[in-house]
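Colleague: Here are the chains, one letter per residue:
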Amino acid sequence: MKLTAHPAAPGLGVGRAQVWRPAAVAEPERSDDPAAEAERFRTGRAALAAELAREREQMAGRAGAEAAAIFDAHLLMLEDPELESAVLGRLAAGEPAGRATRSAGEELAAIMDQLEDEYLRLRAADIRDVTSRLAMTMAGGSGSLPPPPWPETVLVTPDLQPSHMAQLDPQQVTAVVSRSGGPTSHAALLARSMGIPAVFGADPDAIAQGDWLVVDGETGTVRVRPDAGELAAARADQAARQAAEADLAGLRDLPAVTADGERRVELAANIGHPDEVAAALAAGAEGIGLFRTEFLFLDRPALPGEEEQYLAYRRVLAEMAPRPVLLRTLDVGGDKQLPGVPLAAEENPFLGLRGIRLWLKRPELWRPQLRAMLRASVHGNLHIMLPMVATVPEVAAARARLDETAAALAAEGVTPGAYKLGIMIEVPAAAMAAEGLAGAVDFFSIGTNDLTQYALAVDRGNPQVADLYQPLHPGVVALIRAAVEAAHRAGIWCGVCGELGGDPAAAAVLVGLGLDELSMSPRRIPRIKQVVRAMRAPDAAAAAAAAVAGAPAGGPAD
Amino acid sequence: MAVEQEVTVKHAAGLHARPAALFVSAAKGFTARIEVGARGIWVDAKSIMGVLRLGVRQGETVVLRADGEDAAAAVAALTAVLDGDGA
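As given, the protein sequences belong to chains E and C, one line each in that order.
When we follow our numbering, the leftmost residue of the first sequence carries the number 1, and every step to the right adds one.
When we follow our numbering, the leftmost residue of the second sequence carries the number 1001, and every step to the right adds one.
Worth double-checking, as some hints may not be accurate.
[To be verified] Looking from chain C toward chain E, a few residues come up when the C-beta cut is under 8 Å (computed):
| # | residue |
| --- | --- |
| 1 | V1007 |
| 2 | R1039 |
| 3 | I1048 |
| 4 | L1052 |
| 5 | G1055 |
[What the hints assert, rightly or not] Calculated cross-link-like contacts (lysine-lysine; reagent style DSS-like; alpha-carbon spacing at most 27 Å):
| # | chain 1 | residue 1 | chain 2 | residue 2 |
| --- | --- | --- | --- | --- |
| 6 | E | K361 | E | K336 |
| 7 | C | K1010 | E | K361 |
| 8 | E | K361 | C | K1028 |
Honestly, the hints are just simulated from the structure, not real lab data.
Glycine included, every Cβ here is placed at the ideal spot set by N, Cα and C.
Produce the entire structure from the sequences given, and follow the hints as far as they go.
Modeller: Have a look at this one:
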């Protein structure tokens, strides 16, 4: 029998069904002792808070920060003063603690249900989850799952909650099936973070304890009691997937060199946070081709201090050493808001005061950042990268600030470390007139996203013209080629840190154009390496030549 | 001693999601009783559910009201949270 429901977390899981329904807990209808009920509420709340805190730590280790944040949000809701006052109000009216908690939770959830914002409507599910769990805790019930009965178990349950996910061992629980929930629910997010395939919207009543199941988290299907042939096919499929993953893992320490040994590119990682270095190393990154420093500046009430920046840069440099780390100076503009740095409203922020233009003008931005970078550089192989550069004077101005910063540090008795200085090529004029720039820096890295948008006059975020965004448009390829050639004539290296670098369909062109380095999201590295190792240098050169000469493929002409 | 302050919410996500959690966590650090109001509705600034329910969007102006010993510090800190957050 095949059940078709909704995919919630990818992967193929085979195992025997553990069908679990929470035991109905008897709860009293009324109470004569509001004080005792209030005490039960507080005690229950404290106990659940402790459990949530434990689960949070477990999930942080198993599934990362985003997963842990779900439990943080639940903790905030559990301790919410509005919830408390709603419950206490009901207790004073003679309701027992369990009922009062469920009703108060339902009341708050119902208000959230009415909100326009979809994100907020999803939060209603959080409130229901937390309050019903609290009610169960107070009644002495438990959300604890019994241990999985088999080495390959599929958990089947009507209402899968984050607290259930927190109890699962991915080694033993090969998939989860739930009636409730959807792809954006917390349980789905946790399943994805933990690598456990999940299907939601399936009827647990159709499955009996012990039934063999094949759960496909990509198609949303559950095969119940598969016959021998279906089971064998599923096992073969699993084996093939695992082999593919192992192949990619085996690639990790191999170089990205073409099959004929003629061309070699360095593969590096683009990351936005020090926590991602581990993933970069695991994927075999030979360096960090772009470290976005904006995470230190955005989404917070004040600018980061020098010390905080220093610790973040030092961590990345040290963890990657001796591999190169390209730290990009703060790259923001009028479309974002920086705390404490009033940015005038601009009609066209994307062509306005952003990137290096803004950074050069604000000592409160460049001084602490450069001090932190120069102090951190002794811990690793620091490359400083300047975004949105169009002219040599901009580079000179940055160098002047670097020299000033180094002198100040030296005067304080702090030895500033060595560094390389390079620029992102994303302004088309910079690519066309790259000679002068190449003579002023140690490297180029091409920001293909913005380069393409500027060159084709297309905002890829605008659905009306997004199909005109063609990163291999011959005009764009010509810009890339110009930058690479100018770099090599000046004896410096040229890489790519835009999305194109991680696109397997573009690898041959980029290798053929002579790029020295491709930097991309860590999970793309193995595939690009595979593609490079399978190609021959003459074919890459031919692909590049064809791309330069190719007819532009455009959207429909109106 | 009561302090009141009007603030325009700058964050692209309004007072939702993580900014709301940051705001509430910051509010909890003060002993003063703090309220935030929008469109005539007032909620306890230390209540995540209250703040989420307020449904404040980017560009909306809210009023912060605090009463207690550290009221002024509370309003200043929460103003900075609402005023400065980037997307």
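Colleague: Against this structure, judge whether each hint is valid.
Modeller: Comparing the hints with the structure gives:
Interface hint at V1007(C): violated, since its Cβ lies 12 Å from the closest Cβ of chain E, which is beyond the 8 Å cut-off. With 8 Å as the threshold, the beta carbon of R1039(C) stays out of range of chain E, its nearest partner Cβ sitting at about 13 Å, so the hint is violated. A least Cβ separation of about 4 Å between I1048(C) and chain E falls short of the 8 Å threshold, and the interface hint therefore holds. About 6 Å separates the beta-carbon of L1052(C) from the nearest beta-carbon of chain E, less than 8 Å, and the hint is met.
At about 6 Å, the closest approach between the beta carbon of G1055(C) and any beta carbon in chain E falls short of 8 Å, and the interface hint on this residue holds. A distance of roughly 17 Å separates the Cα atoms of K361(E) and K336(E); the hinted pair therefore holds under the 27 Å criterion. Among the hinted pairs, K1010(C) with K361(E) is consistent with the structure: their alpha-carbon atoms are about 23 Å apart, no more than 27 Å. Of the pairs offered as hints, the one joining K361(E) and K1028(C) is violated, with about 37 Å between alpha carbons and a cut-off of 27 Å exceeded.
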